[in-house]
Amino acid sequence: MNFVFPNELHVTWTVMIVLYPYITGLVAGAFIVSSLYHVFGCEELKPISRFSLASAFVFLLFATMPLLMHLGHAERAFNIMLTPHFTSAMAGFGYIYSTYTILVALEIWFVMRSDLIRRTRDSGFLPWICKVIVLFNYRDTPETRNADHRIAKVLAGVGIPLACLLHGYVGFLFGSIKANPWWATPLMFVIFIFSAIVSGISVLIFHYFIVSKINRWKVDGPCVRSLAQYLWAFMIVAVALEGMELLSIIYEQTEATDVLSLLIRTKLFWSYVVLQFFICSLVPFFMLGITSLFKLSDRIAFKMIWVSSCLLLAQVLLMRWNVVIGGQLLSKSLRGFTSYMPGIWEKEGLITAGVILTLPFVILYVFHCIVSLFPDAEKESLPTHGV
Amino acid sequence: MNIRPDYRHAYPVLAMLIALVTVGLTVRYLLVPETFGEYGYYRAAAMDDEKAIQPRHVGRAACLECHDDIAAIHAKDVHSSVECETCHGIGDKHVKDSSSPMSPADTREDCLVCHRQMDSRPGSFPQVDLEKHYKFVGVKDPSIACVKCHSGHEPLYLSKDLHSARLHPLIQQCNSCHIGRTDETLKKPDMHPKIFQCDYCHADLAKSFAKGSHAKVSCTACHLFIKDNAFSGRIVRNTNPKFCLLCHQKSAFKETAGKDNAAPPVIDWPAHITDVSADTPDPKRPCVECHQDQIHALYTKEAHHAM
Amino acid sequence: MPCNDISRRTVIKQIAVGATGTLLLSLFPRLSFGNGESSGKTKNAAGKRPLYAYAVDTSRCIGCCACMRGCRAENDVPKDRYRTWVERYRVLSNGEVQVDVAANDQFVFQDPPPADITKAFFVPKLCNHCEKSVCSQVCPIGASYETPEGVVLVDTKRCVGCGYCVQACPYGCRFIHPETHMASKCTLCYHRITRGLLPACVQSCPKGARMFGDLHDPLSHLSIFMKQRRYRVLKPEMGTKPKCYYVDLDIEVI
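If you read the sequences in order, they're chains P, U and R.
Counting with our numbering, you get residues 1 to 387 for the letters of the first sequence.
Counting with our numbering, you get residues 1 to 307 for the letters of the second sequence.
Counting with our numbering, you get residues 1 to 254 for the letters of the third sequence.
You may find that some hints are simply not true.
Here are the simulated DSBU-like pairs of lysine-lysine, each with C-alpha atoms no more than 30 Å apart in a straight line [claimed, not checked]: (1) R:K235 / U:K96; (2) U:K51 / R:K43; (3) P:K178 / R:K43; (4) R:K241 / R:K43; (5) R:K48 / U:K93; (6) R:K227 / U:K93; (7) U:K194 / U:K211; (8) R:K119 / R:K43; (9) R:K79 / P:K347; (10) U:K132 / R:K119; (11) P:K178 / P:K303; (12) R:K207 / U:K76; (13) U:K135 / R:K48; (14) U:K51 / R:K241; (15) P:K213 / P:K295; (16) P:K178 / R:K132; (17) U:K96 / R:K48; (18) R:K207 / U:K132; (19) R:K227 / R:K241; (20) P:K178 / R:K235; (21) U:K51 / R:K79; (22) U:K93 / U:K135; (23) U:K51 / R:K119; (24) U:K132 / U:K216; (25) R:K132 / U:K51; (26) P:K46 / P:K347; (27) P:K213 / P:K347; (28) U:K194 / U:K76; (29) U:K148 / R:K157; (30) R:K241 / R:K132; (31) P:K295 / P:K153; (32) P:K178 / P:K46; (33) R:K207 / U:K135; (34) P:K347 / R:K207; (35) R:K119 / R:K48; (36) U:K93 / R:K241; (37) R:K235 / R:K79; (38) P:K131 / P:K153.
Please keep in mind that the hints were generated in silico from the structure rather than gathered at the bench.
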C-alpha cells in the first residue's frame with residue numbers, strides 16, 4: 001500500500017483553491033439573503049439587506065484573488081476571456097464572473113443611489129467620490145426612486161440564478177472530474193450551492209453581531225431569528241446532501257470504496273469526521289434547532305446563534321478543504337495518499353490566505369464610510385464610526 | 001403608488017455597459033492569436049514552437065560516423081539492441097565538439113542498472129547477484145568494475161586475454177556442410193552427426209575422463225563455450241583455483257556429488273597450498289598443475305584438429 | 001428634453017448594432033475548424049497524415065529506467081517530476097501488492113524488503129495521448145490541445161498554469177513545472193518524431209519494451225505489432241480512448 005503516481009506527490013491545488021470556492025460561496029449566500037428581501041419581500045431581513053448586498057459585492061471583488069495567487073501565469077489570466085474553451089467547465093468563469101460582478105455593482109448602485117446623492121452634499125474626499133459614483137447626476141425624485149427600485153428588483157432576480165451558476169460551476173468543476181473518485185459525483189454541484197448559502201448566512205450573522213457589539217447597536221431580534229431559521233434549514237439540506245454522498249460511496253462499493261474509506265479514516269479523520277461532521281455540523285444543528293423551536297431569551301438565543309454561525313463558517317471552510325485537498329491526497333493509482341500542509345510565508349501560504357480572508361472586511365468598512373450599511377440601526381443609536 | 005418611474009438617470013449606465021461590451025469584444029477580437037483555430041481550438045503556431053526544440057539524442061548513426069570500429073564489434077553482440085547513448089549519455093554536445101566528453105560508462109553501477117538481480121526482472125534476462133558472482137569467479141576486490149573482465153560492447157566475451165582464447169573449429173565449419181548441399185539428411189536433426197557431444201571428436205579424452213574422478217561433471221562446466229556468432233565460437237578453459245574450490249571447499253554444492261554420489265573431497269583452502277608447496281605458496285596456481293591426471297589426460301596430438 | 005432623447009436613442013441604437021456585429025465576429029475569431037486531413041503538416045510514407053501511437057510490452061521491461069534518464073536528458077524534465085516513469089509491481093504470496101517507482105535522482109530501484117513473491121514485473125508509464133483527452137477538454141483556454149497527428153501538447157506561450165488538466169488526467173501524467181509554472185507533460189518527443197526520429201524513451205530502451213509508430217501506415221512497426229499481439233489500455237472505463245497500448249498488462253496495474 002501507499003503507492004502514489006510520482007507526479008501526484010505534489011499537491012497542485014493549494015489552500016488558495018480552498019479559499020476560492022469558500023469566498024464565492026460567501027458571495028452567493030450573502031447575495032441570496034439580500035435577494036430574500038429585495039425580490040421575495042422578506043421584510044424582517046430589511047435591517048441587513050444592504051449589508052448583505054455590500055458583503056456579497058466585497059467578497060466578489062476578492063473571489064479572484066486566490067485564483068490569481070494560484071495561477072502560474074496570472075498575467076495571462078485574460079486568456080480565459082480571449083479564447084474560452086467551452087468544452088471546459090472552467091471556461092465560462094471569466095464571463096460569468098464579470099457579468100455577475102457588474103450585476104451586483106449595478107444593483108448596489110440602484111439600491112444606494114439616494115443615499116449616495118445625499119452624501120454628495122457634504123464636503124470632503126468621500127463625498128467627491130460619491131459624486132463620481134452617481135455620475136454627477138443628482139436627480140433624486142420619487143420617480144427616480146421608483147425606477148431604481150424596479151431595476152434593483154429585476155437585477156436581484158436575475159442575480160439569483162447567476163449566483164447559483166457562479167458558485168454551482170465550482171461544484172460542477174470538481175464533481176465532473178471523473179479521474180478523481182472523491183470528487184466525481186453529480187451531487188457535488190448541489191452540495192456546493194447549499195453549503196454556499198449556509199456560509200453566506202453564517203458570515204452575515206457572525207459579522208452583524210460583531211458590528212453591533214462594537215457600535216453598541218441593538219441587535220434586531222426578528223431579523224437574526226429569521227436568519228437563524230434559514231440557516232438551520234439550509235444547513236440541514238447541506239449536511240444531508242454531504243451525508244448522502246458519503247452514504248453512496250460506502251453503499252455502492254465501487255473499486256474506489258476501500259481507498260476512500262481509508263482516506264476518511266486516516267488522512268481526513270480529524271478534518272472531516274471529527275471537525276466537519278461532529279463538531280461543526282451536529283453542534284450547530286442542535287443549537288439552531290433549539291433556538292428555532294423553543295422560546296429562549298434573546299441573550300441566550302443570540303449567543304447560541306452566533307456560536308452556531310461561527311461553527312458553520314468553519315464547517316463550510318473545512319468542507320472546502322476536505323473536498324479540494326482531500327481529493328488530491330488520494331492518488332489516482334487508488335493505492336495510496338500524499339500529504340499536504342500549506343506553508344506559512346509562501347505565495348500560496350497561510351499568511352496570504354489570512355490576508356485574502358481579512359481584506360474584504362476592511363473594504364466593507366471603507367464601503368460603510370461612504371454609504372451607511374445600517375441606516376436604521378444608526379438612526380436609533382448615536383452615530384459612531386466603525387463597522 | 002401612481003408614480004411613473006423615471007429611468008433617465010440609468011441611460012448613461014446603460015451606455016457605459018454597451019461601451020464596455022463593445023470595447024471588450026473588440027479587444028478580444030484583436031488579441032486572439034493569429035493562428036488560433038487553424039486546426040482546432042488552439043494556436044496552431046504552438047506546434048511550431050514545439051518542433052523548434054533541438055533533439056539531444058543524436059542516435060547510433062551519428063556515433064558510427066567516427067566510431068565505426070566499435071560499432072562493428074557492438075553490432076555483432078547481444079548489446080546491439082542497446083543504443084550508444086543509453087550507456088554513454090546524450091551526444092548532442094560531443095557531436096559538435098569531440099572534446100566534450102561522453103560518459104565512459106565504466107562503473108559497476110552503469111552495468112548494474114540493467115543487470116542487478118531483481119525479482120521483477122524477466123527471468124530470461126541475465127542478472128547478477130554480486131555476492132554469488134564474486135564468489136563464483138573468485139573476485140577479491142568487491143569494488144572491481146565489471147568492465148575489468150566484461151567488455152560492454154561485446155559482453156559475451158570475457159575481455160583481455162580471454163579474447164585470444166582459441167576459436168573452436170566446430171561451428172566455424174558449419175558452412176562446409178550447410179552451404180550448397182541439398183541432401184535430405186540435412187533436414188533431419190536426428191541424422192545430424194553428434195558433433196555437439198564432445199566425445200564425438202574427443203573420444204580418447206572422454207575415455208580417460210570417464211575413468212577419472214570427475215566422470216559426472218560435464219565438459220562445459222570447466223570448458224566454457226562462448227559463441228562468437230552463428231559460425232564461430234571459442235573454448236575457454238577455466239583454470240582459476242577458486243573455480244575448483246566451488247565444489248571442493250566446505251560449502252560444496254549439493255548437485256556436485258561425485259562418483260557413487262559421494263560428496264567431492266573437501267580441500268582445506270588456503271592451508272592446502274601452504275602444505276604442498278611450503279617454499280613458494282602461490283594461491284593463484286592452477287589446481288590442474290598438479291591434479292591434471294585426476295581429471296583427464298592432457299591433449300593428444302591426434303585429437304587436435306587444425307584450426 | 002425630447003429632442004435630446006431622440007438623438008440619444010439613435011446613438012444607442014447605432015452602438016447596439018455595432019456591438020452586435022462585433023459580438024458575432026468575436027464569437028468566431030478566425031475560426032475555421034479544419035478536419036486536419038488535408039491541413040496536417042506532417043506526412044507519412046504513404047503520403048497521409050500520420051497518427052502516432054505508442055505501445056509497451058511490459059514483459060520485456062527490465063526496469064533499468066533508461067527511458068526515464070533519456071527523457072530527462074532530452075526534455076529538461078525538472079527534478080521530482082516525471083514525463084515517464086517505470087512502476088515495479090511485486091505480488092506477494094499473501095495477496096499483498098507492493099508498487100513503487102525509482103523516484104530518486106539516479107532512477108535506480110531501491111532494494112525492496114525480502115518477501116515471498118508470487119510474481120513481479122515492471123510497467124512503464126507515460127502520457128497516453130488519448131483520442132478523447134480529458135486534459136485538452138478541460139483546458140479553459142485551449143492551451144492544451146491535440147495535434148492533427150494525435151499528440152497531446154501544451155501551448156507554452158498561453159498556458160496560465162491553473163492546474164485543471166493536472167487534476168483531470170486519470171493517469172497522473174501531467175504536472176505543473178516548478179520553474180515555468182505551466183502544465184507540462186510527455187510530448188511524445190514531438191520535436192523528434194516530426195524529424196523522423198524516435199522518442200527519446202523508445203530510443204533509450206535497451207530491450208525494445210517501448211514502441212512508437214504511425215497507425216495510419218499499415219506497414220509501420222507499430223501497426224504490424226498491434227495486428228499480432230493482444231493488448232489493452234489503461235483505465236478504459238474513463239472513456240479517454242488512450243493511444244498507448246499495453247501488451248501483457250496485469251490486473252493489478254491501474
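30 Å limit on alpha-carbon distance, applied to hinted pair K241 (chain R) and K43 (chain R): holds, 23 Å
Given pair status - K241 (chain R), K93 (chain U), alpha carbons within 30 Å: Not OK: K93 (chain U) and K241 (chain R) at ~39 Å, beyond 30 Å, violated.
Pairwise hint evaluation, K135 (chain U) against K207 (chain R), where the allowed Cα distance is 30 Å at most: Status holds; Cα separation ~29 Å.
Restraint status (C-alpha distance of K194 (chain U) to K211 (chain U) at most 30 Å): holds, 22 Å
Hint consistency between K213 (chain P) and K295 (chain P) [alpha-carbon to alpha-carbon, up to 30 Å]: At roughly 23 Å apart (the allowed maximum being 30 Å), K295 (chain P) and K213 (chain P) satisfy the hint.
Hint consistency between K178 (chain P) and K43 (chain R) [alpha-carbon to alpha-carbon, up to 30 Å]: violated, 35 Å
Straight-line alpha-carbon gap K135 (chain U) to K48 (chain R), limit 30 Å: Distance ~59 Å between K135 (chain U) and K48 (chain R) Cα, so the pair is violated.
Given hint K347 (chain P) paired with K213 (chain P) - CA-CA distance at most 30 Å: Judged against 30 Å, a Cα distance of about 35 Å means the pair is violated.
Holds or violated: K132 (chain R) to K51 (chain U), with C-alpha atoms at most 30 Å apart: holds, 23 Å
Straight-line alpha-carbon gap K178 (chain P) to K132 (chain R), limit 30 Å: OK: K178 (chain P) and K132 (chain R) at ~13 Å, within 30 Å.
30 Å limit on alpha-carbon distance, applied to hinted pair K132 (chain U) and K216 (chain U): Roughly 24 Å between the alpha carbons, so the hint for K132 (chain U) and K216 (chain U) holds.
Distance restraint between K119 (chain R) and K43 (chain R), which requires alpha-carbon spacing of 30 Å or less: Answer violated: K119 (chain R) to K43 (chain R) is near 43 Å, above 30 Å.
Of the numbered hints given earlier, the model fails hints 1, 3, 5, 6, 8, 11, 13, 17, 22, 23, 26, 27, 29, 31, 32, 34, 35, 36; all others are met.
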